[in-house]
Amino acid sequence: MSDLLYKKNRKFYILLILPALALYCFGLVGPLLAGTIPSSFYDWNLIEGNKDWIGFGNYVKLFSDTTFLHSLLFTMILAVFTIIGTNILAFFVAFLLNEKIFGKTVSRAMFFIPNIISGVMVAFVWIFIFTGAIPSVAESIGLESLANVSWFGTPTMATVSVIIVSVWQGTGFLMMLYLAGLQTIPQDVLEASTLDGCTGLKKIIKIQLPLLMSTVTINLFVSIAGAFKAFDIPFALTAGGPSKSTQTVALNIYNDAFGSFKTGYGSAKSVILFLIIAIVTIIQLSITRKREVEA
Amino acid sequence: MKKTSKIMSIALAMLMTAGLASCGSSDDKGNDGSKAASNSGETVEVKMAVWGSGAADNFNKGADVFNSRQDKIKFSVEMQSGDYNQFLGAKTAANDLPDMFFLSPYAQVAQFAKNGKTLDLSDQPFAERIYDSAKASCEYDGKLYAYPMVQEMLGIFYNKDMFKDAGIETVPTTISEFEDACEKLKAKGYTPLAATYKDSWTENHTFSCLLGAALQDDMNNWIESMNAGTGSFDVENADAMFRFLDIMKENSGDNYMDADSTAGFNALANGEAAMLFSGEFSLLNMASINPDLPVGLFAVPMTDNAADAKLDVDVGICVAVNKDGKHVDQTLEVLDYMSDNTDKEGWIANTADSLGAAPVCMDYEGAYTADYLTDYQKYVSEENTRPWVYQQLAAGTQTIVGDTVQGYFAGSKDQATVLKELDQQYADLIS
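Protein chains in written order, with the numbering used here: chain V, 151 to 445; chain Z, 989 to 1419.
Just so you know, the hints here were simulated from the structure itself, not pulled from any lab data.
Predicted model only: the values in this text are computed from it and were never measured.
Mixed in with the good hints, there may be bad ones.
[Said to hold, decoys possible] Computed cross-link-like contacts, SDA-like style, restricted to lysine to any residue with a CA-CA straight-line distance of at most 25 angstroms:
hint: 1; chain 1: Z; residue 1: K1408; chain 2: V; residue 2: V210
hint: 2; chain 1: Z; residue 1: K1079; chain 2: V; residue 2: S189
hint: 3; chain 1: V; residue 1: K356; chain 2: V; residue 2: K440
hint: 4; chain 1: Z; residue 1: K1176; chain 2: V; residue 2: N298
hint: 5; chain 1: V; residue 1: K201; chain 2: Z; residue 2: A1382
hint: 6; chain 1: V; residue 1: K379; chain 2: Z; residue 2: Q1074
[Unchecked claim] Partner residues aside, some chain V positions facing chain Z, computed with beta carbon under 8 angstroms:
hint: 7; residue: G199
hint: 8; residue: N298
hint: 9; residue: F302
hint: 10; residue: T304
hint: 11; residue: G391
hint: 12; residue: S393
hint: 13; residue: K394
hint: 14; residue: F408
hint: 15; residue: G409
Positions of the beta carbon are idealized from the N, C-alpha and C atoms, including for glycine.
Put together the whole structure using the sequences plus the hints.
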């Protein structure tokens, strides 16, 4: 788009984003600035009805709150595994589905379906798979060791279960974006590379991935923000158990704010979570943006 | 093309506005209607908020009986399917509590009374009828601030057929008899205990019963010291408590951490396990699966002394009346109906007299009989019961106890860690 055209129509463009911006401010920026941030400075308990200004008291307290710190650690672990897992798997699946294979559209839909089912439903299905389906199938084919796995029995296994289900659900959406990205790569570039003898893995790394960087940026952004906000799957799958070992930050905030009604304390934790996500995504955006190339 | 889409969108917009407007007007009509009714002294609606449970159907039946007997008051029970405490918190914050609502005994009743939200019920007719043992759960400052609707029992429910088959003649009353029974059941190929440990609230119930057994007559002193911030979960008999937990772990089958409460309740009902450490509410599932299963009940045998095996019986549900409700008189009338133990077809008959239902805290000749109820009545009439420990500790205790003891079941925390963490978290809770 030419700069001249942009300057001429600038007012009109701004006008176009106004409705969305207004809704965004009303639903997100407003409550954050007028609600969450101010209330994080209060000792505020909804049921007891007290609301006392304590300055940074909540923030000081949360850095010695072992449950919160553990939930932060667990969220990081979950984030690293799901971000890497979903992106690699999504790219792989997208790459396969981009080829001329049998039943392409049906397969695409199949991979996308987990994304449109609610997290709670997904968790219930997987509880059945872990405790009902896997043991029965493993037993019937004589795999005693698999049948005896306790998927929620130890903190480690519960973490593995949460990661598996999160990756399973998150892959479909990212796959769609990768697929769309792969299809925007001009055929002539690909043909030229083939003629020059660049095929197989080399073609993926040298040609397709660099041209996909804008999609990678978006996908990392989406999966990072999603991983740090993880709530529904851990909540329904393990309820944070055993013994709070799979409690994410979002779940920890929920338990404090809506379980114990520590509204002020929960708000302070939310602000910290907000800052963490903001910092991580800003760093990620600045790194991956630099690597974007145009065909 | 452009024009048609414009016309279409305008038409759609108009349709939507019309829709909104019609909603608004129908709402207005509804409000006017009820106002007119209450002015002329016709029907007044009394709402009672209850937490989600399998008993909701029975509550509605109980309400229907009341509504069919008169037409001045419409009694409606509203079950909150989500987190009940969240609902209460939101309604308290908005000053919009229903006419009547369920509260947990002790701490929560005291909290609402302290904040001036609930009505003093000391002079209500039910106060004469209820057991003295049930009063403490609803008292604050020497006055009754709620009606103790039912009392619940925690203990070990067992499949009588399996016990007979395994050659267990009498129910275990000591820890060695309990271990012996488990071995006999295992020898017959039965899973001795049904696991429920994925839901941490079941661990809280278990641990609370064991604490009661460990404390015995010292319970009240200990609770006082805990609430004063000087006590510790590391009680004298702590080793025995953890020994019992170990026995439970050894006898709950494979992968016991993967089973939640529903799975455990069903395991007893289906005959997959011989015993279940839980409350009478766990039998509600059985009503639809296997209602004729002979199920007995015995108190947790944690020590070597048979006299220590007392059944854990305490008030489970308290009903409070909103002090600022619009129809306090009518609400009290409903409460009187609910607590009438001479009414053989009323509230009690519909809600507290069936398989898995908790019995009322007063004398009532029920029509439903079952082995576990006979066992329960024997414990009650011999005064061989004790109250639940956790309900008398600070609000929020159940969560920290459940979550921490779950770590012991999962093997990620040992006895010393569990006790240390419980003390730390409890100190945070009351600070």
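| field | Enumerated hints in conflict with the structure, sorted upward | value | none
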